[in-house]
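Student: What follows is each chain in one-letter form.
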Amino acid sequence: MKEKLFALTDEELIKEFQDHNTIEAFEILVKRYKDPLTNFVYRFLGNKDVCTDIVQDTMIKFYLHKDSYKSFAKFSTWIYTIAGNLAKNELKRRKRRTIFSLNNDDEERTIQVEDKKFFAPDVSADGNIKNEIIQKALLKVKPVYREVVILRDIQGFSYEEIADITELSIGTVKSRINRGRSQLQKLLKNIYRE
Amino acid sequence: MKKKFYNKEEKKFEDISKQLQKLPQINAPENFEFNLMTRIENKNFGTEKEIKKYTLFSFLKPAIAVVSSVIIVFFVMDQQTNNFENPLISDPQVRNTDSPNQLENSYEKEFILQENAGAVQSNKLKSKPTNLVVVVKDNDVVSEQKGNFPFPDKSFDLDSKLRSNRTGTGNQSRVLAGTNNNRVQFEGFFPGIPTNKRIIDSLRGLDSISQAKKGIPDSLKK
Chain V
1 MKEKLFALTD EELIKEFQDH NTIEAFEILV KRYKDPLTNF VYRFLGNKDV CTDIVQDTMI
61 KFYLHKDSYK SFAKFSTWIY TIAGNLAKNE LKRRKRRTIF SLNNDDEERT IQVEDKKFFA
121 PDVSADGNIK NEIIQKALLK VKPVYREVVI LRDIQGFSYE EIADITELSI GTVKSRINRG
181 RSQLQKLLKN IYRE
Chain D
195 MKKKFYNKEE KKFEDISKQL QKLPQINAPE NFEFNLMTRI ENKNFGTEKE IKKYTLFSFL
255 KPAIAVVSSV IIVFFVMDQQ TNNFENPLIS DPQVRNTDSP NQLENSYEKE FILQENAGAV
315 QSNKLKSKPT NLVVVVKDND VVSEQKGNFP FPDKSFDLDS KLRSNRTGTG NQSRVLAGTN
375 NNRVQFEGFF PGIPTNKRII DSLRGLDSIS QAKKGIPDSL KK
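Here the protein sequences come in this chain order: V and D.
Under the numbering used here, the very last position in the first sequence is 194; numbers go up by exactly one each time.
Under the numbering used here, the very last position in the second sequence is 416; numbers go up by exactly one each time.
Accuracy of the hints is not assured; some may be wrong.
One side of the interface only, derived from the structure: several residues of chain D facing chain V at Cβ under 7 Å [claimed, not checked]: (1) Leu217; (2) Ile220; (3) Asn221.
Below, computed lysine-lysine pairings styled on DSSO-like, alpha-carbon distance capped at 30 Å [to be verified]: (4) V/Lys142 - V/Lys95; (5) V/Lys189 - D/Lys212; (6) V/Lys70 - D/Lys237; (7) V/Lys61 - V/Lys4; (8) D/Lys212 - V/Lys142; (9) V/Lys186 - D/Lys205; (10) V/Lys61 - D/Lys237; (11) V/Lys140 - D/Lys202; (12) D/Lys237 - V/Lys74; (13) D/Lys206 - V/Lys140; (14) D/Lys237 - V/Lys4; (15) V/Lys88 - D/Lys237; (16) D/Lys206 - V/Lys130; (17) V/Lys15 - V/Lys70; (18) D/Lys216 - V/Lys88; (19) D/Lys216 - V/Lys140.
In short, the hints are calculated from the structure, not lab data.
Cβ coordinates follow ideal geometry from the N, Cα and C atoms, glycine included.
Chain V extracted, bound-state conformation (with noise of 0.2 Å):
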């Protein structure tokens, strides 16, 4: 039964969870996500632990509320949609405390992407810094930027999918991407001249 079930696209997966309440095709459908949203959340948000529950928060709205998904759409779009909304709604929060809080400057100042005197040039070159670096100038980027970017040039859908995660038209996509790119290229101008 359940190698049958892998052998199933994911629309026929929550097809099968939506008409049978099979518990096996939302375990697979989970496990073919699991990554690639965690992934998605955690460049969105900068914090693993906070990924991880915001990805269980998505992965139980779709358990809860799968019938609200309707077949003409993709799931992978679905499930992003949901994923990128609970982390907007997360980046909002953070946005909340920070306000109300006093000792946030100070952690904010630790990492300043364009001082160039925060790294020596070879310490730069190596690969995790420079990952790290590039990770810390991706959350300096506006979210509505961010978003695209992330979805375009890390998770690699297309500008169509793009437009339907975010329900926007394709145009204002592709205008956010560049936007996006350009911010980010800005803040590492330091890494990247030659």
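Based on these hints, arrange chain D on the given structure of chain V.
Tutor: Just chain D, lined up with the frame of chain V:
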């Protein structure tokens, strides 16, 4: 054209795109599925947490503050405006004390007190032919009883009649004929009353509604 523009843009940011693609994949923790399935089995969907957060502390405190302040304001305002009636909206009330009879009664009351004679006047007045009769009762409420018209003909010389009714001259000339009472003076058709400053002041107070609101003077009350 637009497509070309975006392709150009893509080329412009090619390096950035490549760097982002090279970023390592972040995977979910190993116990992710186990935790998820445990939560689902226990029906721990995390909704209660949020409800608890926003019940008592976030909503009740400001609500109590608002309600208590509204109650205080309501009672304070209510006490101030309890007896107030908008005179422009409400129907005017007929006040017994405003009637001329009542006012005259008050004068007569004082007059009688000055005379220091309770029911003496009534008998004297009854015996005389005058048609204006003043009746003084025990509780000092005085009322007028109008008799027949005092003049026999339709045409009447008022001046000669008044002159004939007068007795004496000067200050004494306006004493009402037939009363044998020097203190009761006759000013035209009105019975003369010794002026009392307090009563005049109280009458002035009746001129405006606002002063009437303050209360009726005791002398005008029944």
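Student: Now tell me, hint by hint, if it's right for this structure.
Tutor: Structure-based check of each hint:
Proximity of leucine 217 of chain D to chain V holds as hinted, the smallest CB-CB distance being about 6 Å (cut-off 7 Å). Given hint, isoleucine 220 of chain D at the interface with chain V, holds; its Cβ is 4 Å from that chain's nearest Cβ, closer than 7 Å. For asparagine 221 of chain D, the shortest C-beta to C-beta distance to chain V is roughly 5 Å, which falls under 7 Å, so the interface hint holds. For the hint pairing lysine 142 of chain V with lysine 95 of chain V, the CA-to-CA distance comes to about 13 Å; that is within 30 Å, so the pair holds.
Distance check on the hinted pair: lysine 189 of chain V and lysine 212 of chain D sit about 15 Å apart at the alpha-carbon level, within 30 Å; holds. Proposed proximity of lysine 70 of chain V and lysine 237 of chain D is supported: the alpha carbons are some 25 Å apart, at most 30 Å. Pair hint lysine 61 of chain V plus lysine 4 of chain V holds up; C-alpha atoms about 25 Å apart against a cutoff of 30 Å. In summary, the hint linking lysine 212 of chain D to lysine 142 of chain V is supported, as the alpha carbons are separated by about 20 Å, within the 30 Å threshold.
Annotation: proposed proximity of lysine 186 of chain V to lysine 205 of chain D holds, straight-line Cα distance about 16 Å (limit 30 Å). Between the alpha carbons of lysine 61 of chain V and lysine 237 of chain D the distance comes to roughly 12 Å, so the proposed pair stays at or under 30 Å and holds. For the proposed pair lysine 140 of chain V and lysine 202 of chain D, the alpha carbon gap of about 25 Å is at most 30 Å, so the pair holds. Simply put, lysine 237 of chain D and lysine 74 of chain V have alpha-carbon atoms about 28 Å apart, close enough for the 30 Å limit, and the pair holds.
A threshold of 30 Å between alpha carbons decides the hint, and for lysine 206 of chain D with lysine 140 of chain V the separation of about 21 Å falls inside it, so the pair holds. For the given pair, lysine 237 of chain D sits about 28 Å from lysine 4 of chain V by alpha-carbon distance, which is consistent with the 30 Å threshold. Note on lysine 88 of chain V and lysine 237 of chain D: the hinted pairing holds, with a Cα-Cα distance of about 25 Å set against a maximum of 30 Å. A threshold of 30 Å between alpha carbons decides the hint, and for lysine 206 of chain D with lysine 130 of chain V the separation of about 21 Å falls inside it, so the pair holds.
Of the pairs offered as hints, the one joining lysine 15 of chain V and lysine 70 of chain V holds, with about 9 Å between alpha carbons and a cut-off of 30 Å not exceeded. Using a Cα cut-off of 30 Å, the hinted pair lysine 216 of chain D and lysine 88 of chain V holds, with the two alpha carbons roughly 24 Å apart. Taking the CA atoms of lysine 216 of chain D and lysine 140 of chain V, the gap is near 19 Å; set against the 30 Å cutoff, the hint holds.
Against the hints set out earlier in the document, no violation occurs for any number.
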